[in-house]
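A.B. asks: Protein chains in written order, with the numbering used here: chain B, 1 to 376; chain Y, 377 to 705; chain U, 706 to 905.
Among the clues, some could well be false.
Quick list of simulated restraints, FRET-style, between CB atoms [stated by the list, open to error]:
hint, chain 1, residue 1, chain 2, residue 2, range
1, U, Arg726, B, Arg256, 26 to 34 Å
2, Y, Leu426, U, Lys739, 15 to 23 Å
3, U, Pro785, Y, Met606, 41 to 49 Å
4, U, Phe737, Y, Arg445, 46 to 54 Å
5, U, Tyr745, B, Glu7, 51 to 59 Å
SDA-like mimics (lysine to any residue), calculated; alpha carbons at most 25 Å apart, straight line [stated by the list, open to error]:
hint, chain 1, residue 1, chain 2, residue 2
6, B, Lys331, U, Thr742
7, Y, Lys407, U, Arg727
8, Y, Lys544, Y, Lys407
9, U, Lys739, B, Phe192
10, U, Lys739, B, Glu186
11, Y, Lys679, B, Gly354
12, B, Lys184, U, Thr742
13, B, Lys184, U, Asp754
14, U, Lys802, B, Ser298
15, U, Lys739, U, Tyr752
16, U, Lys749, B, Lys331
17, U, Lys739, Y, Tyr419
The hints are simulated quantities; they were obtained by calculation from the structure and are not laboratory data. Beta carbons are placed, not taken as given, at the ideal position from N, Cα and C, and that holds for glycine.
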Amino acid sequence: MGYGGAERITMNMGPQHPSSHGVFRAILTLEGETVVAVDAVIGYLHRCHEKLAETLTYTQYPSIASKTDYVAAMTSELAYVRAAEMIGKIDVPKRAQYLRVIAAELQRIASHCLWLGTWCLDMGGALGGGATVFLYCIREREDVLDLFEALTGARLLYGLHQVGGVRYDIPADWAGKCRATVDKIEGRISEFEEMLESNAFFLARTQGVGTVSRELAQEVGISGPLVRGSGVSYDIRRAEPYSSYEDFDFKVPVEREGDCFARYRVRMVEFRQSIKIVRQALDGLPVGPISSRPGVKSVGQVRIPKGEAYARVEGARGEVGCYLIADGSAKPYRMKWRGASFSNLSILPHIIPGHKVADVVAIMGSVDPVFGEVDR
Amino acid sequence: MLSAISSFVVGFIVLNAIIGMVTYVTLLERKFAARMQSRIGPYRVGPHGLLQPIADALKLMMKEDVVPRLADKTVYNLAPIVFLVPCMLIFATLPFAPGLGVADLNIGILFFLAVSAMEIVGLFMGGWGSNNKYALLSVMRAVNQIISYDLPFVFAAMVPVLLTGSLKLSDIAAAQPDLLHWFVFYPVIGQLAFIAYIVATLAAENRVPFDILEAESELIAGFRVEYSGMKFALIQLGEYAHVIATSFLGALLFLGAWGGPGPAWLGPLWFLLKAMAVFLLLTWIRWSFVRIRVDQILAVSWKLLLPATLILLMVTAVVVAWPRGGAVV
Amino acid sequence: MSRQLGESFWKDLGDLVGAVRRAMWITFLNFFRKPVTVHYPEVKRVYPDRFRGVLALTYDKETGEENCIGCRLCEYICPPQVIKVEMLKAEKRNYAKVFTLELYACEFCELCVQVCPTDAIIMMKSFDLATSDRRELLLDKDRLHTIGLQFEPSWATGNGLRDMQTPPKAAPAEHARAEAPAAKAPAAKAPATNTEAPAE
Chain B
1 MGYGGAERIT MNMGPQHPSS HGVFRAILTL EGETVVAVDA VIGYLHRCHE
51 KLAETLTYTQ YPSIASKTDY VAAMTSELAY VRAAEMIGKI DVPKRAQYLR
101 VIAAELQRIA SHCLWLGTWC LDMGGALGGG ATVFLYCIRE REDVLDLFEA
151 LTGARLLYGL HQVGGVRYDI PADWAGKCRA TVDKIEGRIS EFEEMLESNA
201 FFLARTQGVG TVSRELAQEV GISGPLVRGS GVSYDIRRAE PYSSYEDFDF
251 KVPVEREGDC FARYRVRMVE FRQSIKIVRQ ALDGLPVGPI SSRPGVKSVG
301 QVRIPKGEAY ARVEGARGEV GCYLIADGSA KPYRMKWRGA SFSNLSILPH
351 IIPGHKVADV VAIMGSVDPV FGEVDR
Chain Y
377 MLSAISSFVV GFIVLNAIIG MVTYVTLLER KFAARMQSRI GPYRVGPHGL
427 LQPIADALKL MMKEDVVPRL ADKTVYNLAP IVFLVPCMLI FATLPFAPGL
477 GVADLNIGIL FFLAVSAMEI VGLFMGGWGS NNKYALLSVM RAVNQIISYD
527 LPFVFAAMVP VLLTGSLKLS DIAAAQPDLL HWFVFYPVIG QLAFIAYIVA
577 TLAAENRVPF DILEAESELI AGFRVEYSGM KFALIQLGEY AHVIATSFLG
627 ALLFLGAWGG PGPAWLGPLW FLLKAMAVFL LLTWIRWSFV RIRVDQILAV
677 SWKLLLPATL ILLMVTAVVV AWPRGGAVV
Chain U
706 MSRQLGESFW KDLGDLVGAV RRAMWITFLN FFRKPVTVHY PEVKRVYPDR
756 FRGVLALTYD KETGEENCIG CRLCEYICPP QVIKVEMLKA EKRNYAKVFT
806 LELYACEFCE LCVQVCPTDA IIMMKSFDLA TSDRRELLLD KDRLHTIGLQ
856 FEPSWATGNG LRDMQTPPKA APAEHARAEA PAAKAPAAKA PATNTEAPAE
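Use the sequences and the hints to build the structure in full.
C.D. replies: Below you can see the structure in the form of structure tokens.
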């Protein structure tokens, strides 16, 4: 095994690795410390979601849909039920739409908490400053999960959405608790920014690393904070508003540089904007039913007429899409997930070569893949 | 003959004391770090986790010793010992009270700094003997780093030596009789030297933010990845012994060693407390920062810390020699 | 805009000192915050009303009879198909002869609770499921009834959930369904007529 600098060694960042964010295998070709090629191998978490959707009805599958992107479960469920509603031309009452928005934005906050924590954990070590930031972020995420627990009864995989609306209405004191939690998190985010942004170590690790140019961002099919960090202002909540997003006033953060630090800034601003949306939604929550269809009482209750539709939502990681072909029965004929992380991973062979091994983890963290979405 | 026996006995006591201290220092670090992270550290094993280090030690002793088939057996097996011995040896020069120490050499601090740098050999043997790309990569980085940071470490430690005029550690401690004379309070030079010492210590011991040797999330455990059981325990022992030794040295050089209110026999206790204070400072830094990349670590060392400590040393020399008309001693 | 360490001496020095001060200050602050650890199992976390815990079968409060009529709706709706029911026909009403639930495969999605017409199957506010033998998690009917008497039930029952989700028959302006889910609008009791979309 030579280390002359010109010789190449193949190193496997295997599926079991503390910082592969799931099960991801990257076969790195190294010249000394520099990565010259990366070969990504996925599929370790394949659970046949798309086939499963053909065997489960429209009432059963939303609970399963949360398991694709298990970190941000609400947005996955939303994509599926929206696709069914688009084909069946089913109206969703205004209150349900606002509840969906609140759930999606709180989920975005929780997902970004986890993103920040695991990213710093990767960069700072499981014993070290990274672990400290990780535990702080998880502490804040737990508060959001407590809110979800009070709403649905579950902390991670909810089953909140159903075709036609949502399943649970908010309990009596939930709005007050939600506001208190959101206020607290806003204060804590300032602490994280204080701890990280003025930190020369952090800046040295993330600035100039993993730069995605604007042209590359538009060519490769990436979405979410990845494109917004490279100067492309594309947010599905603005481009094709769904579920009453046009009622809310929020800023879509865009940064020019395209490096890891830019993506970090995008997500930190998204934190605050999500909090803003949650407050507006709580203030303007209309009274009314939470579903336009009766409560689930039999498995074949929802029949969607023949048709096909593609519903996209702005998940925490990018565009989560669900393409559904319905054939009039209670089960879809075909369902395809467009996983945000699956498409985002395609950027890796373009931006990793040329960086050092230590940067691979920083880049992976800023891409923020969740392998439930990638492998489905 | 008698002095040989007495130094043997003192050495034996010191060795056992180090091992005992290392285990409980790990507990201290864990509890301290936990408090900074809104949690409680070890709690269940023994009252408030006090038996946790004993449980860890027993566990390590009972583990199976897995040796990779293709590892270079001699190098692999010797590496933990070659790593551990220098880390223990440096305790020999530390005086714990005036006249109480294993060997108070005339060149005490020189011995300390030289021997503590010898652990690199043990590191490299471990990385090479493991026959593992991750281990090799990490020790390559570590050797780079430790060599780069030994110079600022030495220069920062030299400032108190210049201020005292002697390499003997008990002399340096005696030159700080009371609080006002602690070298850390020496205007400007003392504080800068202390800061440089702390930074260089972090790097010389592979503590975060300079811990690319381990780099848990990239290289799993660095050169320790193929070690298990008692060999792993020896490596951990060596690491923590080194950290404690440099904490003691920092307390001696800058914080006045055994000086403190109360009778003279409380001296070692004050020394211990000050060393623990330095250790907690290192721990506090460890749990607050992300690590930086290896090329950035080297950049910080060669472009920032080395010139800074060099200038500091020259300024100290000028400050010391000026009033005496050029003479240093 | 990228800056690498080692570029400029005094700037680096200043940055490092500032960074150190701020990051260490945050950690220092957190040192004095109360730990968030809950000393389980001596102290148990307070579960919210709607907590989806372990499943159970219930008895009728007034008559003491089993609520389950063996209609198998829960079996059909369960996504991972963990429930198996066999109906036992009797004169006045039906019962469940066999009711097994494989708790180790259960997803805790609460769909079985939602579809139950008699509020027979519910979830409890308890998550103490750990066991060293997987066979203990294959719950049969007796075990499910025992669990039902052992823990505190969650708020969710079939009728309650369906009422919360079903839109009221009258115009929305008349019913103030602002923030209290327990208030059942009288006209919205389990819809007898299905208002489904056209089949084809």
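A.B. asks: For every hint, state whether the structure bears it out.
C.D. replies: Taking the hints in turn, this is what the structure says about them:
Between Arg726/U and Arg256/B the beta carbons are some 29 Å apart, a value that agrees with the proposed interval 26 to 34 Å. At roughly 22 Å, the beta-carbon separation of Leu426/Y and Lys739/U lies within the given 15 to 23 Å, and the hint holds. At about 46 Å, the CB distance of Pro785/U to Met606/Y agrees with the hint of 41 to 49 Å. Checking the proposed 46 to 54 Å range against Phe737/U and Arg445/Y shows it holds: the Cβ atoms sit about 51 Å from each other.
Under the hint 51 to 59 Å, the C-beta atoms of Tyr745/U and Glu7/B, about 53 Å apart, fit the expected range. A distance of roughly 45 Å separates the Cα atoms of Lys331/B and Thr742/U; the hinted pair therefore is violated under the 25 Å criterion. Between the alpha carbons of Lys407/Y and Arg727/U the distance comes to roughly 22 Å, so the proposed pair stays at or under 25 Å and holds. Between Lys544/Y and Lys407/Y the CA atoms are separated by roughly 36 Å; this puts the pair beyond 25 Å, and the hint is violated.
At most 25 Å may separate the alpha-carbon atoms for a hinted pair to count; Lys739/U and Phe192/B meet this at roughly 18 Å. Between Lys739/U and Glu186/B the alpha-carbon distance is near 19 Å, which keeps this suggested pair within the 25 Å criterion. Pair hint Lys679/Y plus Gly354/B holds up; C-alpha atoms about 23 Å apart against a cutoff of 25 Å. Distance hint between Lys184/B and Thr742/U is fulfilled; the C-alpha atoms sit about 18 Å from each other, no more than 25 Å.
Of the supplied pair hints, the one linking Lys184/B and Asp754/U holds, its CA atoms being roughly 23 Å apart against a limit of 25 Å. In summary, the hint linking Lys802/U to Ser298/B is supported, as the alpha carbons are separated by about 21 Å, within the 25 Å threshold. Taking the CA atoms of Lys739/U and Tyr752/U, the gap is near 21 Å; set against the 25 Å cutoff, the hint holds. Between Lys749/U and Lys331/B, the direct Cα distance comes to roughly 42 Å. Violation of the 25 Å bound is thereby established for this hinted pair.
Note on Lys739/U and Tyr419/Y: the hinted pairing holds, with a Cα-Cα distance of about 15 Å set against a maximum of 25 Å.
In the structure shown, a violation is registered for the earlier hints numbered 6, 8, 16, in ascending order.
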